[in-house]
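Enquirer: Protein chains in written order, with my numbering: chain A, 749 to 885; chain B, 749 to 885.
You can take every hint at face value.
A partial selection of chain A residues facing chain B, derived with a Cβ cut-off under 7 angstroms:
| # | residue |
| --- | --- |
| 1 | H871 |
| 2 | F873 |
| 3 | Y878 |
Here are the in silico distance ranges between beta carbons for each label pair:
| # | chain 1 | residue 1 | chain 2 | residue 2 | range |
| --- | --- | --- | --- | --- | --- |
| 4 | A | S833 | B | C882 | 27 to 35 angstroms |
| 5 | B | G865 | A | I751 | 20 to 28 angstroms |
| 6 | B | D880 | A | N750 | 41 to 49 angstroms |
| 7 | A | K761 | B | K768 | 49 to 57 angstroms |
| 8 | B | S833 | A | S819 | 26 to 34 angstroms |
EDC-like, lysine to aspartate or glutamate: derived pairs with alpha carbons at most 16 angstroms apart:
| # | chain 1 | residue 1 | chain 2 | residue 2 |
| --- | --- | --- | --- | --- |
| 9 | A | K826 | A | E874 |
| 10 | A | K850 | B | D861 |
| 11 | A | K872 | B | E821 |
| 12 | A | K809 | A | E825 |
| 13 | A | K850 | B | E864 |
| 14 | B | K826 | A | E821 |
| 15 | B | K831 | B | E812 |
| 16 | B | K872 | B | E852 |
| 17 | B | K850 | A | D861 |
| 18 | A | K760 | A | D815 |
| 19 | B | K774 | B | D795 |
| 20 | B | K831 | B | D815 |
| 21 | B | K774 | B | E794 |
| 22 | A | K774 | A | D795 |
| 23 | B | K768 | B | E794 |
| 24 | A | K872 | B | E874 |
| 25 | B | K826 | A | E825 |
| 26 | B | K826 | B | E874 |
| 27 | A | K761 | A | E812 |
| 28 | B | K872 | A | E821 |
| 29 | A | K778 | A | D795 |
| 30 | B | K872 | A | E874 |
| 31 | A | K831 | A | E779 |
| 32 | A | K826 | B | E825 |
| 33 | B | K790 | B | D802 |
| 34 | A | K826 | B | E821 |
| 35 | B | K850 | A | E864 |
| 36 | B | K786 | B | E821 |
Because the hints were derived from the structure by calculation, they are not lab data.
Please read all numbers here as calculations on a predicted model, not as lab measurements.
Every residue, glycine too, gets a C-beta built ideally from N, C-alpha and C.
Number of protein chains: 2
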Amino acid sequence: MNITVALNRLEKKGYKNTRKRERMLKIFIKENRYLSAKGIFKLIVEDYPYLSVDTIYRNIKIFEELDIIESTELSGEKHYRFKCSSDHHHHIICTDCGAVEKIEMCPMDAITDTPEGFTITHHKFEIYGYCDECRSL
Amino acid sequence: MNITVALNRLEKKGYKNTRKRERMLKIFIKENRYLSAKGIFKLIVEDYPYLSVDTIYRNIKIFEELDIIESTELSGEKHYRFKCSSDHHHHIICTDCGAVEKIEMCPMDAITDTPEGFTITHHKFEIYGYCDECRSL
DNA sequence: ATCGATGCAAACTCTTTGCATAGCA
DNA sequence: TGCTATGCAAAGAGTTTGCATCGAT
Numbered sequence: 749m750n751i752t753v754a755l756n757r758l759e760k761k762g763y764k765n766t767r768k769r770e771r772m773l774k775i776f777i778k779e780n781r782y783l784s785a786k787g788i789f790k791l792i793v794e795d796y797p798y799l800s801v802d803t804i805y806r807n808i809k810i811f812e813e814l815d816i817i818e819s820t821e822l823s824g825e826k827h828y829r830f831k832c833s834s835d836h837h838h839h840i841i842c843t844d845c846g847a848v849e850k851i852e853m854c855p856m857d858a859i860t861d862t863p864e865g866f867t868i869t870h871h872k873f874e875i876y877g878y879c880d881e882c883r884s885l
Numbered sequence: 749m750n751i752t753v754a755l756n757r758l759e760k761k762g763y764k765n766t767r768k769r770e771r772m773l774k775i776f777i778k779e780n781r782y783l784s785a786k787g788i789f790k791l792i793v794e795d796y797p798y799l800s801v802d803t804i805y806r807n808i809k810i811f812e813e814l815d816i817i818e819s820t821e822l823s824g825e826k827h828y829r830f831k832c833s834s835d836h837h838h839h840i841i842c843t844d845c846g847a848v849e850k851i852e853m854c855p856m857d858a859i860t861d862t863p864e865g866f867t868i869t870h871h872k873f874e875i876y877g878y879c880d881e882c883r884s885l
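Whole structure, please, built from the sequences with the hints as guidance.
Expert: Next comes the structure, spelled out in C-alpha cells:
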C-alpha cells in the first residue's frame with residue numbers, strides 16, 4: 749500500500765482526488781503510526797490550515813471502507829494508521845505516540861479447537877508499551 | 749471474587765455499602781458477561797427504578813479502581829464484567845450479548861524476545877464471535 | 001452528626017449529519 | 001456542467017462533574 753494505490757482505489761470507487769485527501773494520506777504514510785482524528789488534524793493544519801475536523805472524520809470513514817487504513821482504540825479514542833501490508837499480522841503499539849512494530853506471531857495458530865458454543869468472527873492481539881522516545885520523556 | 753469480597757474491598761477503602769452498589773454487583777455476578785453502563789442500567793431499573801445512570805458510571809469507576817470489574821470495548825462502547833478470577837487469562841467474547849468464555853492460552857508465552865525499542869506494559873488478546881444463542885437470532 | 005452517595009442538570013469529548021457552497025472531472 | 005467534497009453549525013452518543021440533598025455508619 750502506497751499513496752498511488754490509495755488514490756487509485758479512491759478513484760475506482762468514484763471518490764475524487766482532492767488536495768485534502770492527499771494531505772491526509774501523506775500524513776498517514778509519513779507518520780507511520782496510530783493517530784487520532786484530532787492528531788491528524790493538528791499535523792495537517794500546521795502547514796495547511798484550510799480544512800476542518802469534519803473532513804478528517806468523513807475521509808477516515810472512506811479510507812477505512814477502502815481498507816486503506818486500519819484502526820485501534822488507544823485511551824478511549826479511535827486511532828488510525830496506514831495499512832502498510834495486507835498480510836495478517838499484529839502490532840506492538842506505543843500508547844503514548846502510537847508508534848508500531850510488527851509482530852509476526854498470531855495466537856490463533858495455537859487455538860486448535862474452537863471453544864464450545866462460539867462462532868468466531870475475528871480476534872485482536874496487541875502488545876502495548878512505550879517506544880524508546882516516549883519512555884525517556 | 750464474589751459479592752462478599754467485593755463489599756469488603758469497598759468498606760476497606762471507606763466506600764459505603766449502599767443498596768444501589770449491591771444491586772449493581774448482583775447484576776454483574778448474575779449476568780456474568782460484558783455489559784455497557786446503559787446495559788446494567790436497563791437491567792436494574794426493570795425491578796428497581798430508583799437509580800440514575802450517573803450513579804452507574806460513578807460506581808463503575810470505583811469498581812474498576814478496586815479491581816472488582818474488568819473492561820473491554822465492544823462496538824465503540826465500554827463494557828464491564830465481574831472479574832471472576834485473578835489469574836491471568838483471556839476471553840472469547842460474544843460481540844452481541846457480551847457473553848464470555850475463558851481462554852487459558854496466553855500469546856505472551858510465545859513472545860520470547862522483547863521487540864527492539866519497546867518497553868512492554870500490557871497486552872490484549874481477545875477472540876470475538878457469536879455465542880450459540882445470539883448466532884441463531 | 002458526619003461524610004460519603006446520589007439525582008439532577010449541565011458540561012464535555014468524540015463523532016456524525018443537514019444544508020448550502022466550493023471544487024474536481 | 002454535474003455531482004462529490006467541504007465548512008459550518010447543530011445534533012448525538014457516551015461520559016463526567018458541580019451542587020444540593022439524601023442516606024449509611
